[in-house]
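Colleague: Protein chains in written order, with the numbering used here: chain A, -2 to 211; chain B, 20 to 736.
One or more hints might be untrue.
[What the hints assert, rightly or not] For lysine-lysine, the following DSS-like pairs were computed, each having C-alpha atoms within a straight-line distance of at most 25 Å:
no.: 1; chain 1: A; residue 1: 196; chain 2: B; residue 2: 33
no.: 2; chain 1: B; residue 1: 61; chain 2: A; residue 2: 68
no.: 3; chain 1: B; residue 1: 35; chain 2: B; residue 2: 687
no.: 4; chain 1: A; residue 1: 178; chain 2: B; residue 2: 156
no.: 5; chain 1: A; residue 1: 196; chain 2: B; residue 2: 39
no.: 6; chain 1: A; residue 1: 178; chain 2: B; residue 2: 42
no.: 7; chain 1: A; residue 1: 63; chain 2: B; residue 2: 61
no.: 8; chain 1: B; residue 1: 33; chain 2: B; residue 2: 545
Since the hints were derived computationally from the structure, they do not count as laboratory data.
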Amino acid sequence: MNSRKDPKLPVRPSGGVSRRGFVSGLGIGGGALGTGLLEKEAVAAPAPANLIGPGPAAITLTINGKPVNLKVEPRVTLLDALRNYIGMTGAKNVCDRGVCGACTVIMAGKTVYSCAVLAIDAQGKNIETIEGLAAGNSLHPISAAFVANDGQQCGYCTSGFVMAAKGFLDEHPNPTMDDVKHGLGGNLCRCGTYMGVRKAVIEAAANMKGAKNG
Amino acid sequence: MASAPDYSWPPMEKRKLIGKPIKRLDGPQKSTGRAKYASDLKPQGLLFAAYMGSPHAHARITKIDTSEAEKMPGVKAVHIINPEGTEIQWQGMEVAAAAAATEEAANDALRKIKVDYEVLPHFVQEADLKQAGARGKAAGERVTGDPDKAFQDAEAVSEGQYGIPVITHCCLETHGSVVQWQGDQVHVFPSTQYISGTAAGLAPNIKVPIANIQAHMDYIGGGFGSKFSPGKWAEVCAFLSQKAGGAPVRLFLDRKMDQLIAGNRPSAFATVKLGGKKDGTVTAWESNGWGTGGFAGGGSPPLPYVIDRIPNARQTFTGVSVNAGPNQAWRAPNNQQAAFLTCCALEDFAAKIGMDPAAVFDKNFAYAPDARVETYRYQLRKAADLAEWSKHWHPRGKGASGVVKRGLGLGFSAWAGAGQASQCRATIHVDGSVVVDIGTQDLGTGTRTVITQVAAETLGLPMGAIKLNIGDNSLPVSGASGGSSTVGGVCSSTRKAAMNALVKLFETVAPSLGAQPEDLEAVNGKIQVKDTPAKSLAWAAACKKIAAAGQISEMGENVQRSPGGLNTQGAAGVQIADVSVDTETGIVRVNRYVAVQDCGLVVNPWLAQSQVHGAVIMGLSTALLEERIMDARTGRMLNPDMEFYKLAGINDVGDIVVHLDIRPENDKRGIIGLGEPPAIAICAAVSNAVANAIGVRVPNVPVTADRVLAALEGRNA
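Based on the provided sequences and hints, a complete structural model is requested.
Modeller: As structure tokens, then:
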């Protein structure tokens, strides 16, 4: 019933042997031999030490600059790793498949839907989540602008919007309203907070620039 | 003894917090991701559940084998929801569920459950009534006056067919809960619009006394009418927890299941004929409608809407049973359909007689309830001003030349919105701290904020002095957040509780101020003799005097039948859509949308405006994009997702102009709920604006590009 775990990227550790590579390396085409035999051969062969999956694998994620060790199956998405394994629940699972942006985080400086990234592929890259946006009880200027302009109602899309705004403003520090309407188009809200979000992003841009200049 | 407290709202000019644009209190929690929703909870030992539905729209379950699933590593419980022999009536209808140590294992377990079905014939498309056959159940014809004669005598008759489809709630947080069933106690952490009713809703299904069920919720990720009851899923979650030896279980539907079974808005189609005079007065109405709310059939929207005193009318409505998921209340049930059918027919009548629809609407507002006639007319003028109607409106299809055509369209709404039954407890402690306890919930509407405003205003304290507890069924009972009834109910009960507590405090401190209790007032953090700041006690000093009693704790109650002037019902609204339609691509863009809304006393205009923005944006999404698409051949929903079930994005809605009608005469009426009224008229206004732009009616919403092109080419779509 669940279509969310659809790993698009093959598991292929660098320098090692992936399952797919291993099977094709046997030099057996699928035509003459039944796939049953192929599978038996594959299973019977000893697995190389650096093959990971399908069981849990130890991985290290860099989240908000800090290393986090965990064990997850290779099919686990970055979103599920954050929510179900690490306990960081700011990013939300809404659409199940990379449409709505509620799970937005910034990975290696790029805004991504964390439900469309495998946790194992997120290794070695700094992952910025909303939990890392501000220390203690202070509000990051973007969060503050969302409060000041009521860019939130039920709040379930808000974390994603704030992170999308962060990624957008990192690249476009001086946006026009038209830029905002296009730049935040990858996030959906059901309560209808867009009027507030638009103003919040413009205000945050102004405040962040002010802070830098000051 | 002091006389009965005066609970009435302070006069407008004396209000310090009520009526002020105060920011939402839980805003920082939400904008930092710290707000914890039920779907975020991960108590120690949490199991993850997965929920399985039928792939067939109509079938009988002939065999279920869960043995393999139960043996899977990590799987702690498997539960059959509908046993062998059950007749499935819609795709997604529950079959089984599993709980496991990880979400991955729970989903794997479902894949190992073997279910055999005897597939049966289905019927899933209701748009063409002729195909419904026995699946349609006609309600009796309703006749007022003499419609046949009225149509005969009419100077003009217009006729049209209109359709508004089934849409889904698409709450961003899907339906579900975390449940832990330990011994004879059940702890529920739901995503609900009705925390006080959660235990009573769940108890009979799991056969546990209501008293043994504790329910708690801090935040909810959207409801819109679909989250009043705990849902089958909460019951299943409880059974899984029980089977797993009392471990907490988290069961939230995945998006596909949520789209299939967790609620939708019924469709409505109708042919509508209007007859009347060439001065715009409608004298006769005839409508033959149909629609579906799922397998159970469909309810009939109230027609004609608002202008229901048209002297001659005939109407029929056929509810159609389809093999698709059941409906739930959807932000103003039946009203959007009724507004759409009525306002489109009225606009087509105006086009038929070549009159400005604003004039025709104005004339026929005479058929609205007496008390509202002038309100609608005032709102129509106001909306027309804000939309620059006289500048931008043109006769249907007679705008400027060019590929992109601009048009304006009207819609109107009505809603009751009386305050719900609500109880509140206000406690003043000896150290001056104040607690307000109320068993309500904040859906993102701002309920926390308005309650705090009322309590603080009543006690003469700043917002920060009030500690508010909501979202728990151990608190004084309040109603479900539905029917736009919350704000009126909770503000009234809070006002009374806080005032009752304050009167007790006055009685305690009056002797030390040398005054009678009824001569005291609470302002600016002081208890003082009325208008005599010199004779006063600071709040903290006053509260020290209740040491003997320990605390003052008083209840307040809003009783629906006697709200005592604190809240009332009956909200009117008029809205205008301003659109541009590209006649080559068929794409409709909203330039501007004007919403004029009366809503009595507005506790927080800032949050009220957000409610109207939200209602309009949701409405624009339904008018332009949203539709449940069923496949006749397979009986399946083709877009049970958020990819092809389209929601409007930040660039899909134009500018929204909100005018809250906060005139003193409205303020005097008391509080009226605002969640639903502004969500009603949007499909009507947009459809009318498109007709005005391109010169022909696009019969069905959403007004998608293909439908626009089809209408322009004279095709049926």
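Colleague: Against each hint, give a clear statement of whether it holds in the structure.
Modeller: Here's how the hints hold up against the structure:
1. With a C-alpha separation of about 31 Å, the suggested pairing of residue 196(A) with residue 33(B) is violated against the 25 Å cut-off.
2. Taking the CA atoms of residue 61(B) and residue 68(A), the gap is near 17 Å; set against the 25 Å cutoff, the hint holds.
3. Of the pairs offered as hints, the one joining residue 35(B) and residue 687(B) holds, with about 17 Å between alpha carbons and a cut-off of 25 Å not exceeded.
4. With a C-alpha separation of about 46 Å, the suggested pairing of residue 178(A) with residue 156(B) is violated against the 25 Å cut-off.
5. Restraint check for residue 196(A) and residue 39(B): satisfied, since their Cα atoms lie roughly 20 Å apart, inside the 25 Å limit.
6. Annotation: proposed proximity of residue 178(A) to residue 42(B) holds, straight-line Cα distance about 24 Å (limit 25 Å).
7. Using a Cα cut-off of 25 Å, the hinted pair residue 63(A) and residue 61(B) holds, with the two alpha carbons roughly 22 Å apart.
8. With a C-alpha separation of about 16 Å, the suggested pairing of residue 33(B) with residue 545(B) holds against the 25 Å cut-off.
Hint violations for this structure: numbers 1, 4, all remaining hints satisfied.
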